[in-house]
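Asks: Protein chains in written order, with our numbering: chain Y, 485 to 595; chain V, 85 to 606.
Hints may contain errors.
[As the list claims (entries may be wrong)] Partial chain V-side listing against chain Y, Cβ under 10 angstroms, derived:
1) L302
2) F348
3) A350
4) K575
5) T579
6) G581
Hints are computed from structural coordinates only; laboratory data are not their basis.
Using N, Cα and C, we set each Cβ at its ideal position, and we do this for glycine too.
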Amino acid sequence: MATVEFQGKQVEIDEDGYLVNLDEWTKELGEKMATDDGLSLTEAHWEVINFLRDYYQKYQIAPMIKILVKEIAKILGPEKGNTKYLYELFPDGPAKQACRYAGLPKPTGCV
Amino acid sequence: MAETGKLEAKPVSFEDLIKWEKIKYEAPELTGKIETPCIKENASLSYKAQLYKGKDAIARLGYPTEGLIPNWKEKFLEKMDEMLKKYRSVRLFMDICVRCGACTNKCHYYLGTGDPNNMPVARAELMRKIYRRYFTPQGKLLGKKLTNSEDLTEEMLALWYTYFYQCSECRRCSVYCPYGIDTAEITMAAREIMNSIGIVQKYMHEIVDKAQYIGNNLGMIPDAVRNAIEFVETDLQEQTGLDIKIPIDQKGAEILFVTPSADFFASPHIESLYGYAKVFHQAGISWTMSTYASEGGNFGLFVHNYNNMKIINKRIWDASRELGVKRVVGGECGHMWRVLSSYSNTLNGPFDWLNPKYSIPQHICEFTLDLINKGALKLDKSANDEFTVTFHDSCQVARGMEMGGTASGQYEIPRAVIKACVNKFVDMPENTIKEKTFCCGAGQGLLGDDMLPIRVKGAMPRMQAVKVVKDSHGVNFLALICAICKAQMSKMFPTYGYPMEEVGGIHQLVSRAIVFGAKEGI
C-alpha cells in the first residue's frame with residue numbers, strides 16, 4: 485500500500501489514490517490531492533465535496549449523480565444543475581474524482 | 085524482458101511480474117475498418133489488473149488472503165485437476181483444439197493490441213501447455229521439450245494472470261470455432277485456479293463480495309437503495325404530474341423487478357429506470373423492487389466457482405418467493421440475463437411459484453414489446469426524432485440462450501422495442517452485431533479503471549463499427565441493454581472523440597416516447 489506524506493504524517497492511499505482510512509481525511513488533504521492533479525478547488529468544488537461527505541455519513545455511499553445535480557442546482561443556481569457542469573468541475577467524472585478529494589471510497593459496480 | 089517474450093536470467097520477483105502500473109493510453113484514430121493487425125509480441129504484456137488486498141472480503145470468498153501461497157505449485161495442480169474433473173467441458177476443450185486458427189482474429193483484444201497471446205487459441209494454450217505437461221502421460225513422461233508444454237513457473241503464472249484478465253469471456257471466438265470450444269470457460273477455470281492460490285483480482289472480487297454480503301455491486305445499504313429510488317419516484321412525479329410509483333419491498337405485487345444497482349446510481353443507466361417505471365405505470369401492473377435483491381448483475385459468473393454465483397442469484401430467488409410475486413422481470417443487464425436465464429435453475433432450483441404463462445424470467449424488453457404489441461403502450465416516435473439510433477448487442481445477451489422463448493429473440497426483441505420508439509434506426513455492419521457482436525471491451529471483470537488501457541484497445545472494433553454508421557447514416561445514439569456496456573461506452577465515446585451523451589439504454593428511448601393517458605392496462 486502506498487503512502488503520501490502530508491503535514492508530517494504518513495497517509496495511506498490505494499493504487500488509485502483513494503484514502504485507505506477514511507477518517508484521516510482533512511480539508512487540506514483534499515486540497516492537496518486536487519493540486520497534485522493540477523486542479524485548484526473553488527467554492528463550487530467544495531459545495532460538491534461537502535455534500536458528498538454529508539450524504540456518505542448517512543448512507544455509506546456517495547449519492548447518485550442526479551441527487552447531486554439537484555442539490556447543486558439548489559445551491560449554485562438552476563443553470564449549474566446539470567451533469568455537464570459537474571464534469572467541468574471534475575473532468576474525470578464527479579463520482580470518481582470528487583469522491584477521491586472528499587476522502588470517500590471509489591464507487592464499485594457497473595459504473 | 086527480451087523481445088521474444090522469454091524472460092532474461094536476472095531474477096525478478098513474482099510481485100514485480102504482475103505489478104500494476106498506471107499506463108497512459110490514447111485511442112487510435114477511427115477508420116471504420118476492422119483489420120487484422122500484424123503480430124506485436126508482448127504488446128499488452130504490461131497491462132495488468134490490480135490485485136485485491138481486502139483480506140476480510142477475500143476470506144469471506146474462501147480464498148487465501150496473504151497473496152501467493154508458499155506451496156502454490158502443488159495447490160495449483162490440485163485445483164486444476166479438480167477443475168478438469170468437475171468441468172468436463174474444460175477437459176474437452178483442452179483436448180480437441182486442432183489449431184485451425186479460425187479464432188485468431190476474432191477477439192477484440194487481439195484486434196486492438198496485436199498481442200499474440202490475445203488470440204483466443206494462444207490464450208487457451210497458456211492452460212493447454214500446463215495441461216499437456218502435468219495431465220497427459222506423454223507430458224509426465226517426456227517433460228516439456230518433446231510435448232510442446234511448459235513447466236509451472238512464476239513466469240508462466242504471471243502470463244496467466246496477465247492474459248486471463250485480458251479476456252472478457254464474451255465468447256465471440258466460440259461462434260467461429262468449428263469445434264465450439266468455449267474459451268470463456270477456460271478463462272473462468274484459470275481465474276478460479278489463480279484465486280485458489282491467492283492471486284485474486286481486485287475489481288470483480290470486491291464486487292462479488294459486496295453483492296453477496298450487502299446485496300448489490302455498489303454496496304448500497306437498504307436505506308441508500310430506498311433513498312435513491314424514492315428520489316427517482318419524486319422526480320418522475322414532478323416531471324409528469326402523474327402518480328407514478330416505484331414500489332419497494334411490496335408483498336403481493338405481481339412482478340419483482342430486478343436490475344443492476346447502477347440503474348439507480350449512475351448515468352446514463354438511471355434514465356432507463358425512469359423508462360421502466362413509466363412502462364409499469366402505463367401497463368397498470370403491480371410491481372416491486374427489492375432492497376434485498378437489489379442487484380441484477382451476477383459477477384459470480386466470471387470465475388468457475390458456482391458457489392459465489394449461487395449465493396448472489398439466491399437473493400433474487402428468495403426475494404421473489406418471500407414477496408409472493410408471480411413474475412420476475414429483469415432490467416437492462418447482460419450478466420443478469422445470462423445467469424437468470426441459463427444458470428438459475430441449476431443453481432437454486434426452478435422458480436416453481438411463478439406463473440408459467442410468462443417467461444421465467446422475463447426480460448424487460450420482452451415485457452415492453454408484449455405491451456406494445458397488445459396496444460397497451462402508446463409511443464410517440466417523433467419524441468426521439470433528434471436521434472438516429474443503432475443497437476449494440478451485449479455479448480452476454482446475444483450469445484446467451486434466448487429471449488421471449490425464441491432462439492433469436494435476443495436480437496429481434498430489443499430491436500423491435502427500439503423501432504417502436506424511434507423513426508430512424510440503422511444496424512451496424514453485419515459482422516459486428518447479433519451473434520457476431522463485439523464486446524464493449526470491459527465485460528466479465530475488466531471494467532475497473534485499472535484496466536482502462538486494455539479497455540480502450542478492446543473497444544476499438546465496436547468503435548470502428550459505430551463510425552461506419554455515423555458516417556453513413558449520422559447515427560447519434562447507441563442503444564444498450566447492459567450496465568457494463570453503458571459504463572464502458574460512455575467512457576469510450578469521449579475517449580474516441582464522440583459525445584458521451586450519445587450513449588444510453590433502450591428504456592431511455594421508451595421513457596421519452598411513452599404517451600400517458602392512452603388506453604391503460606391490459
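Asks: Of the numbered hints stated previously, which ones are contradicted by the structure, given in increasing order?
Replies: Structure breaks hints 5 and 6.
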